[in-house]
Amino acid sequence: MKSLLPVRKGEGLPVGLLMLYLIIVNFGSASGLAISTSLLLDQVGARALPYVFVAISLFGMLAGSFYPVIVNRLGNRRFYQFFLWFSFAILLFSNLLLRSEISIVGHNPGVFLQYMAFFVLLMVEIIHFHNYSREFFNPVQFKRVYGFILGATKFGGIAGGLSLGPLLTSYSSADVLWIWILSNLAGAIVLKVLEDRSSPAQKARRRASVSLVDGISQGIQGISRSPFLKLFSVLLFLDILIGSLMVYQFNEGLAHSFAGEPEAMGIFLGKFVCIANLVALFLQLVVAPYLFTNFSVSNVALIFPAFSLIVLLISIGVWELPTVALLMFHKDYFASAVHLPNRSLFLNALPPERRGFFLGFLEGFASQFFNLLVGIALILVVSFSPDLPAFSNLFSSGFATSFASLAAFLSFAYLLLLRFRFKSLHERELTELLKRRDVRALRNEFQLSTQEFSHFESSDLIEFFPVKNKELVRSQLQQAKRAWCVEFMILHPHCYREWTLGLSNQQRWDHFQWNSNNKSQDYFKMEMSDQELVDVFETVHKKAKLVGDFYYYVCLYHKRSVLIQLGSKLMTTTPKGFEDLLRTLALFQISCGETLSRGFLKKVFLQPVKIQRLMLQVLKWSSYSRLIIDLAPYFEIASPSIRRLVVELCVNQIHRHGDFDLLIETYRKRSWSLPALRTWIELFLELDSQQKDSLLPELMSEFQKRLVRCTHRLSILKEAGLNDALVESLEQAQEHYLRLILLLYRNSFSTGTLEILERGLFSRQESIRYEALELLSATSKRQLCELIQPFLEFQEPSEILENLKNLPVQSPEVSLEEVLAAFLEEEDDFFRACAINTIAKSQLIGFHDTVEALSHRSGDFYSQEMALDCLGKLVPSSESC
Amino acid sequence: MSWQAGAFIGVMLNIIEKVEALAKVSLFAQLGARERLLIALICTEEELAVGEILCQQGEEGDELYLILEGVVSVRIGSNEESKEVARMGSGSCIGEMSLFSGKPRNATLVVEEKSRILFLSGVMLHELIRDYPQISLGVIQSLVQRLEG
Chain R
1 MKSLLPVRKG EGLPVGLLML YLIIVNFGSA SGLAISTSLL LDQVGARALP YVFVAISLFG
61 MLAGSFYPVI VNRLGNRRFY QFFLWFSFAI LLFSNLLLRS EISIVGHNPG VFLQYMAFFV
121 LLMVEIIHFH NYSREFFNPV QFKRVYGFIL GATKFGGIAG GLSLGPLLTS YSSADVLWIW
181 ILSNLAGAIV LKVLEDRSSP AQKARRRASV SLVDGISQGI QGISRSPFLK LFSVLLFLDI
241 LIGSLMVYQF NEGLAHSFAG EPEAMGIFLG KFVCIANLVA LFLQLVVAPY LFTNFSVSNV
301 ALIFPAFSLI VLLISIGVWE LPTVALLMFH KDYFASAVHL PNRSLFLNAL PPERRGFFLG
361 FLEGFASQFF NLLVGIALIL VVSFSPDLPA FSNLFSSGFA TSFASLAAFL SFAYLLLLRF
421 RFKSLHEREL TELLKRRDVR ALRNEFQLST QEFSHFESSD LIEFFPVKNK ELVRSQLQQA
481 KRAWCVEFMI LHPHCYREWT LGLSNQQRWD HFQWNSNNKS QDYFKMEMSD QELVDVFETV
541 HKKAKLVGDF YYYVCLYHKR SVLIQLGSKL MTTTPKGFED LLRTLALFQI SCGETLSRGF
601 LKKVFLQPVK IQRLMLQVLK WSSYSRLIID LAPYFEIASP SIRRLVVELC VNQIHRHGDF
661 DLLIETYRKR SWSLPALRTW IELFLELDSQ QKDSLLPELM SEFQKRLVRC THRLSILKEA
721 GLNDALVESL EQAQEHYLRL ILLLYRNSFS TGTLEILERG LFSRQESIRY EALELLSATS
781 KRQLCELIQP FLEFQEPSEI LENLKNLPVQ SPEVSLEEVL AAFLEEEDDF FRACAINTIA
841 KSQLIGFHDT VEALSHRSGD FYSQEMALDC LGKLVPSSES C
Chain W
882 MSWQAGAFIG VMLNIIEKVE ALAKVSLFAQ LGARERLLIA LICTEEELAV GEILCQQGEE
942 GDELYLILEG VVSVRIGSNE ESKEVARMGS GSCIGEMSLF SGKPRNATLV VEEKSRILFL
1002 SGVMLHELIR DYPQISLGVI QSLVQRLEG
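Chains as they are written, first to last, in the working numbering: chain R, 1 to 881; chain W, 882 to 1030.
Watch out, some of these pointers could steer you wrong.
[Unchecked claim] Computed list of lysine to any residue pairs in SDA-like fashion (alpha-carbon distance at most 25 angstroms, straight line):
hint	chain 1	residue 1	chain 2	residue 2
1	R	Lys468	R	Gln507
2	W	Lys905	R	Ser763
3	R	Lys610	W	Gly970
4	R	Lys576	R	Leu566
5	W	Lys905	R	Gln843
6	R	Lys692	R	Pro812
7	R	Lys705	R	Ile788
8	R	Lys718	W	Ile896
9	W	Lys905	R	Ala720
10	W	Lys984	W	Ile923
11	W	Lys905	R	Tyr862
12	W	Lys905	W	Glu962
13	R	Lys470	R	Lys481
14	R	Lys841	W	Ile1010
15	R	Lys576	W	Ile923
16	R	Lys841	W	Lys984
17	R	Lys841	W	Pro1014
18	R	Lys669	R	Tyr862
19	W	Lys905	R	Phe762
20	R	Lys230	R	Gly260
21	R	Lys543	R	Lys620
22	R	Lys873	W	Ile1010
23	R	Lys669	R	Arg644
24	R	Lys841	W	Glu926
25	R	Lys610	W	Gly939
26	R	Lys705	R	Gln843
27	R	Lys620	R	Arg678
For the record, the hints were derived by calculation from the structure and aren't laboratory data.
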């Protein structure tokens, strides 16, 4: 039972009290709706409804406009108290009017006032309850529990509906309405208790104080500037148009069915409210959470118009009380359980500081404005349209109803189309939201202007040099020192070549002389043949200072042929001149054969990272076909930039030599460590789609298993009370696996989105993580969402395991000793070293022989040293005594 | 390998213990264990006798000292008239800022009790950061937290 509830530890009190509040308030309003509707229809009939709608819209617009201003002044909590006391006062007043003999144009004003009050107060209640309850939960909690909390409205409705029949047979309508009036006071007390007992999970965001007019103009401007909000407003308008037509229709149906019988209509409505709430409760508690967690917001939004279409088609064919009830249920109850909570989730694509404002503006002011427009249109249709001859059950009631059905039908067809366009817009808006806080995305948009650049001489900025400005390139290279020039040469080879080709021999020689060793004058001349240069190399290749000059001369004078002539002799270059050799080879993109390539690979990973990078760049043009096998052991190197180059190199090799099978064979040959796996995936993702398709599902399932296993091991270690490097590394590994799994989906996201999403999901800032989760769920990657969410939401591995759906633990280890033994056998030398450390610390002498065996294992980076250290610390109990 | 042989080994920290010890340095608190492993590889551990001077006030230095065991006295003033301003025990870390500031030492550090110290050279750390930029990110995060704190 506990696992079925979405409520987690620490959430019980706010969830419970908010639900209690909703039960009380909805118990009251269930009787309020039924009685006020029956009284109104009895007095004026359905034909007067458009006028009432217009009045409701006007009051609603007023309330919607004042809402953000008052909330801003009072804050969420004080506003709620104010609102509930105000509701109490207005309902009391209308009840007193109802009891009085006062009559305007033959009708009691209390009947209108309380009917209108119901809708206007309900509108404010819905908006504010959403904003208010957000204060007690973080966004993920909120998304999980909000639907559950709203389920309480149905409990209140069922109780209210059940009690209405017996109450109306014993008391007058006006007396029964006391329940509605007093429910506001009881609700205020419950909220007070909640505020006293629980602290808010999030600080309520308060905007700078704005006037009523400013608020409206800001809202309109915001909508007109954002395509997303524009389309959202259109959806809202269509929702309201269709909703109003449905309300008109079922009220017309009710008036026909219960003409002159207000009490019978009240009792029917009571029963209807009770049954509808019961079904809606099921929808809210079972269906809605399933839909929200398994489908994206855009997909769930399609359900409402789709069902509306079905209901409307039924209503055209059969126009009887069950059809009326179905329409009412769909418009009021299904919408409140699924459609409206889902609609408000769309606004999560807005920045947090604008979310509350637009929720209030759109659901409050704009929706009432649309209501007003629709109401006026309905008045015009009802007042001035001629009656059409009847040609179906439905159409028998005249033009207004038929117009309503057709308009609803057409609008929903349009709405369906609109939803599809809205989906992509919603995703784009969420990506933009994350981008807004993503440093790398911001940096990429930043461009150094020529003016800014001319003030910098740092080589760090060469990457951003405005190479299109040829004049700046020429003047900068002409006066720059050699170190700067060679750096430039590597980063912008085409630009450098273009510059050298534009120089005269004299200019080249001057530049060379200015940038070379004094002794160079003895070896180099303004003009030299290839053979002369080959001879110079033979003389200077062991002289550290001069060999650099040799390579710079080759670059400056474009002597590619000299390098080809020298071939494998180039490997005799003194180590200090190695960097210059590599730069020169990279500039001319010389294809190295097997000897040179293997020679480089032997040296590459012993060099500093900068030289490694250059060397890998040179190997890009290598003709050696089995380069991948020699590169694979270096996939786990810690530097990300080197790993990226290795991937580029391998992809290049596969494209050139078509060695896909060799690649797979190399991958399957052994079990790879975490950093190596990342390199492998990056490599696989660069392959052709056919090659990828055969591999990625296999990798996905493998990583999922590894992730679950890693979490399971972590839970065992934590249960054993460990908190050492092994635990920390496993926690890090969990994140690594999640990133790897995410990486497998790279091609299903638009360029750059996955990187932004990844940084968002693993951000240290909670709010950014939630925004990233929202984007992930909007992209309909259900499997990915289900997998990642528990890791971001829960801290304890045991809790995470409980919440990992469809991923059973397939780990044979059940004790600390078994986990440690498993680590000792695995490929990852860091884990092995950590495990040996844990064994030594925990004095697990049972591992003595295994550790001793490891101490003899050569070629292991850390384990041998760790094993020796561990053996020194493992003291048998008798000796330690 | 016999049980007794182990007694000669294990006085010094092993590589994983260094990784764990570095977690105590607030500058590296934001780094993961694998990143700290890279730093641990360039750390050296030394045993110092009473009276040995770790560094002199005024001299340039870019080393970080993590006291693993023992007591180090922090003194200000010239050798003859130096005044003890603090005593640092095991787990204390001295010179975090000098890793990056390059300013002269503002105090003299003298070993008061036989100590074991983990040294980290600024120059080597800079080299490491150049090759593994992910380390600098963690260091920056720690510095920002300190500035905000």
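Verification of the hints:
With a C-alpha separation of about 22 angstroms, the suggested pair Lys468 of chain R and Gln507 of chain R falls inside the 25 angstroms cut-off, and the hint holds. This hinted pair checks out: Lys905 of chain W and Ser763 of chain R have alpha carbons roughly 23 angstroms apart, not beyond 25 angstroms. For the proposed pair Lys610 of chain R and Gly970 of chain W, the alpha carbon gap of about 40 angstroms is over 25 angstroms, so the pair is violated. The hinted pair formed by Lys576 of chain R and Leu566 of chain R meets the criterion: a straight-line CA distance of about 18 angstroms does not exceed 25 angstroms.
For the suggested pair Lys905 of chain W and Gln843 of chain R, the alpha carbons sit about 24 angstroms apart, so the restraint of at most 25 angstroms is met. Under the criterion of a C-alpha separation no larger than 25 angstroms, the hint pairing Lys692 of chain R with Pro812 of chain R is inconsistent with the structure, at around 31 angstroms. Taking the CA atoms of Lys705 of chain R and Ile788 of chain R, the gap is about 14 angstroms. The hint holds against a cut of 25 angstroms. Proximity of Lys718 of chain R to Ile896 of chain W is assessed by CA-CA distance (about 22 angstroms); at most 25 angstroms being required, the pair is judged to hold.
About 23 angstroms separates the Cα atoms of Lys905 of chain W and Ala720 of chain R, which keeps this hinted pair within 25 angstroms; it holds. In summary, the hint linking Lys984 of chain W to Ile923 of chain W is supported, as the alpha carbons are separated by about 22 angstroms, within the 25 angstroms threshold. With a CA separation close to 22 angstroms, the supplied pair Lys905 of chain W and Tyr862 of chain R stays within the 25 angstroms bound. For the proposed pair Lys905 of chain W and Glu962 of chain W, the alpha carbon gap of about 33 angstroms is over 25 angstroms, so the pair is violated.
In summary, the hint linking Lys470 of chain R to Lys481 of chain R is supported, as the alpha carbons are separated by about 18 angstroms, within the 25 angstroms threshold. Proposed proximity of Lys841 of chain R and Ile1010 of chain W is contradicted: the alpha carbons are some 31 angstroms apart, above 25 angstroms. In summary, the hint linking Lys576 of chain R to Ile923 of chain W is supported, as the alpha carbons are separated by about 24 angstroms, within the 25 angstroms threshold. The hinted pair formed by Lys841 of chain R and Lys984 of chain W fails the criterion: a straight-line CA distance of about 40 angstroms is larger than 25 angstroms.
As the CA atoms of Lys841 of chain R and Pro1014 of chain W are separated by approximately 32 angstroms, the hinted pair breaks the 25 angstroms bound. About 22 angstroms separates the Cα atoms of Lys669 of chain R and Tyr862 of chain R, which keeps this hinted pair within 25 angstroms; it holds. Restraint check: the Cα-Cα separation between Lys905 of chain W and Phe762 of chain R comes to about 23 angstroms, which is no more than 25 angstroms; the hinted pair holds. For the hint linking Lys230 of chain R to Gly260 of chain R, the alpha-carbon distance of about 45 angstroms lies beyond 25 angstroms, and the restraint is violated.
Proposed proximity of Lys543 of chain R and Lys620 of chain R is contradicted: the alpha carbons are some 28 angstroms apart, above 25 angstroms. Between the alpha carbons of Lys873 of chain R and Ile1010 of chain W the distance comes to roughly 33 angstroms, so the proposed pair goes past 25 angstroms and is violated. Distance check on the hinted pair: Lys669 of chain R and Arg644 of chain R sit about 22 angstroms apart at the alpha-carbon level, within 25 angstroms; holds. Restraint check for Lys841 of chain R and Glu926 of chain W: the C-alpha separation of about 20 angstroms stays at or below 25 angstroms, so the hint holds.
Note on Lys610 of chain R and Gly939 of chain W: the hinted pairing is violated, with a Cα-Cα distance of about 35 angstroms set against a maximum of 25 angstroms. A distance of roughly 30 angstroms separates the Cα atoms of Lys705 of chain R and Gln843 of chain R; the hinted pair therefore is violated under the 25 angstroms criterion. Between Lys620 of chain R and Arg678 of chain R, the direct Cα distance comes to roughly 21 angstroms. Compliance with the 25 angstroms bound is thereby established for this hinted pair.
Consistency note: the structure conflicts with the earlier hints numbered 3, 6, 12, 14, 16, 17, 20, 21, 22, 25 and 26.
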